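J.: Sequence:
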Amino acid sequence: MNYMRDNYASAKNDVPILIDYGASTIKAGYATSQGPDVVIRSYINKFKDSNTQSNQIAQWDTDVFKNYRSPFEKNLIQHSGALEQLNDFVFERLQAGKHGRVNHPMILTECFATTDLARMIVLEQMFECYQVPSVMLGVDALFSVFQDDLEAYLKQTQLVVHLGDQTVHVVPIVNGQVIYSNIKRLNLGGLNSLKYFYQTIQLRHPHLKFTYPQIDYWHKSYTAVAIDYQLQLRSFLGPQQYFGYRDKISEQNRFYDDDLSFLDPIYIDIPIVQKIVSAEDLKRKDENRQRMRVRLQESIQQSRQNKKSQLEQQLVALQQELETDQNNDELKKKIITLQVKLGQAPKEALDELKYNLLNVPDDKLTPSQLNQKRYQKVMYEQALIKKQKNQEFKQLQKDANKFKLEEPEKYLQMLYEKRDRIVLSIQERKKLQQEMNSRNSRFNQKRIQTLAFLGADDKVEDDFGKDDKDWEIYRSVTKEMDSADEKSKYKLQEIEQELKDLDPDFEIKILKSIANDHQLGMNLSQVQLSVDRVRCQEIYFQPHLIGVEQQGLVDMIKLSSKGLDKLLLQNIVLTGGGAKTQGISQRLSKDLISEYDCPIAIKVAPDPVFGTWLGMKNFSNKYQSMLSQFSITLDDYNEIGTQKWEIFKQHPFSNIVD
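The opening residue of the sequence shown carries number 90 in our numbering; numbering runs sequentially from there.
Any given hint might turn out to be false.
Restraint ranges, calculated between C-beta atoms of paired labels, are given here [what the hints assert, rightly or not]: (1) Q617 <-> S388: 48 to 54 Å; (2) E173 <-> V746: 25 to 31 Å; (3) D177 <-> K651: 44 to 50 Å; (4) P302 <-> R158: 18 to 24 Å; (5) Q409 <-> I584: 51 to 57 Å; (6) Q409 <-> S388: 31 to 37 Å; (7) Q617 <-> Q480: 55 to 61 Å; (8) K576 <-> K397: 32 to 38 Å; (9) D590 <-> Y444: 38 to 44 Å; (10) Q617 <-> K244: 47 to 53 Å; (11) R393 <-> P450: 40 to 46 Å; (12) N727 <-> E173: 18 to 24 Å.
With a cut-off of at most 25 Å between alpha-carbon atoms, the simulated PhoX-like pairs for lysine-lysine come out as follows [unchecked claim]: (13) K520 <-> K580; (14) K499 <-> K580; (15) K476 <-> K487; (16) K244 <-> K738; (17) K679 <-> K647; (18) K655 <-> K679; (19) K421 <-> K397; (20) K423 <-> K443.
It is worth saying that the hints were derived from the structure and are not from the lab.
Since this is a predicted model, take the numbers as computed values, not measurements.
Cβ coordinates follow ideal geometry from the N, Cα and C atoms, glycine included.
Use the sequences and the hints to build the structure in full.
T.: Structure, rendered in structure tokens:
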């Protein structure tokens with residue numbers, strides 16, 4: 090967020106500082122300025138800066154919504170630490186602090202029905218941390234509709250709809266008096282719309298990474314409130330219904346002179362930028378890799394040396410024990426095993442010891458030795474089969490390596506085909522698993538029929554199992570999956586790792602295949618905005634879309650104006666950042682006209698975003714003499730504190746009710 094860098098050193102101490110605490114942005118500046126001097130986001134990044142090890146003001150959050158914290162919760166100030174950091178930043182930019190004190194009167198904003206905790210946090214910081222001389226508190230929604238004439242303001246009858254970042258307030262004002270009992274609050278705002286917009290896009294394009302600036306810009310530039318939400322949704326069904334619904338929407342909205350009659354889909358190209366690695370980075374990575382390889386080799390060598398010394402100690406101990414017991418065959422076997430491991434004896438010596446009875450005639454063996462000889466014979470045959478398989482496997486590996494060297498392109502194509510077959514088998518098993526979990530699937534219906542058939546079998550003789558096909562019945566009945574899926578995934582990882590080593594374009598090819606599976610077309614990075622353009626803004630009228638159990642904005646206006654002068658409906662003023670949303674005034678007008686038989690007039694404030702700060706400025710400059718009677722002074726704070734209501738002053742913009 091941009092902020093001005095003028096020199097404020099010449100500002101006098103009696104010039105008030107105006108701060109509009111918005112849940113989205115904080116606007117601050119001197120009352121003598123044309124507009125806010127400092128405009129920053131109301132967020133603090135959670136992560137630490139690597140150089141200063143301090144929290145940073147969140148200008149652009151690349152992780153969209155995860156790495157920030159705000160002093161606000163539902164438009165109420167709750168976290169004093171974050172607020173203090175933002176205040177420090179504001180006063181530093183304004184060059185207002187001197188010797189640890191801000192010697193300027195303050196005019197601050199708060200929301201309707203703010204809590205004692207929120208007021209206490211603000212007042213304690215201003216008086217305890219900054220030693221300000223006085224503080225005037227006013228409601229942001231009321232300041233936003235104040236122009237420059239207090240008498241005219243106190244005679245107005247209007248319905249103020251303040252569309253904030255986290256909440257929406259509907260405020261009826263009759264003859265300048267706020268009807269507090271009829272104020273309605275909707276617990277959602279622009280931030281909820283932005284998050285909903287981001288979630289729907291991210292759900293359709295999981296392979297793309299979006300940043301906060303992108304999402305925020307698209308949300309502000311391309312989204313709008315649909316005049317007729319259902320018709321607008323039907324317009325996105327397809328080319329056959331496209332023009333028919335477009336004509337209906339245009340016919341319904343022929344009275345509106347802006348371009349809201351129909352919202353076309355928008356396609357945005359986001360190029361995939363590959364990270365460029367410099368030669369220095371490659372050299373540094375190669376050096377690090379070499380150092381790690383040397384350390385790993387040294388570690389392995391040290392481990393082998395330690396293992397060898399342990400085996401040698403065991404061998405010496407066994408040899409000493411054998412000297413006292415020369416006929417112990419078990420000790421001899423252990424000694425030969427250790428000698429083979431240490432390389433002091435050939436592997437055949439271990440085989441001779443393991444199969445020592447094979448060459449002994451049967452008539453020279455005892456019955457127990459005969460049983461042992463038969464066991465050794467079986468084990469020897471299995472060892473020969475295993476050895477033969479190992480030799481065949483080594484030969485296959487040798488042939489594969491030869492094929493890889495002689496025909497690298499064919500070998501690479503073979504790996505891709507093998508990978509595709511494994512992926513297809515995994516997808517088929519996954520589909521089968523989904524069918525198992527569904528009670529109404531064809532698989533489960535067939536399974537139930539099989540169980541019923543087995544239960545109704547009235548055969549006298551049980552010949553089950555004579556045919557090998559009988560055992561296939563368990564595969565159709567059981568719901569448990571074997572370990573083939575895990576083996577396939579492990580094999581897939583091995584093949585993909587080999588493909589990464591052989592083909593530098595492997596990841597790009599995989600992305601293209603994923604794009605084809607999701608029917609994204611040739612352009613992987615193309616984002617389509619169609620339903621998203623209107624659905625995210627529809628939450629103002631249908632809060633249930635995001636799980637908020639409240640009535641919509643139209644119902645809030647009906648409840649707020651119930652029992653009051655109908656002149657309210659002839660002067661509905663939209664303020665706050667949400668008032669800049671395209672089509673919101675037309676949608677409200679259309680829905681309210683169908684509910685009332687009186688004229689409906691809706692207008693948007695001249696400057697919805699900075700209107701609150703400008704209203705504070707107009708009041709401060711024209712009615713500066715009233716600031717003292719509307720403000721809480723430092724002496725009042727030291728004498729009374731924030732626990733008693735006597736300290737809060739009532740004025741046309743306050744939260745205080747008689």
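J.: Return the numbers of the hints above that this structure violates; sort them in rising order.
T.: When the structure is compared with the hints, none of them turns out to be violated.
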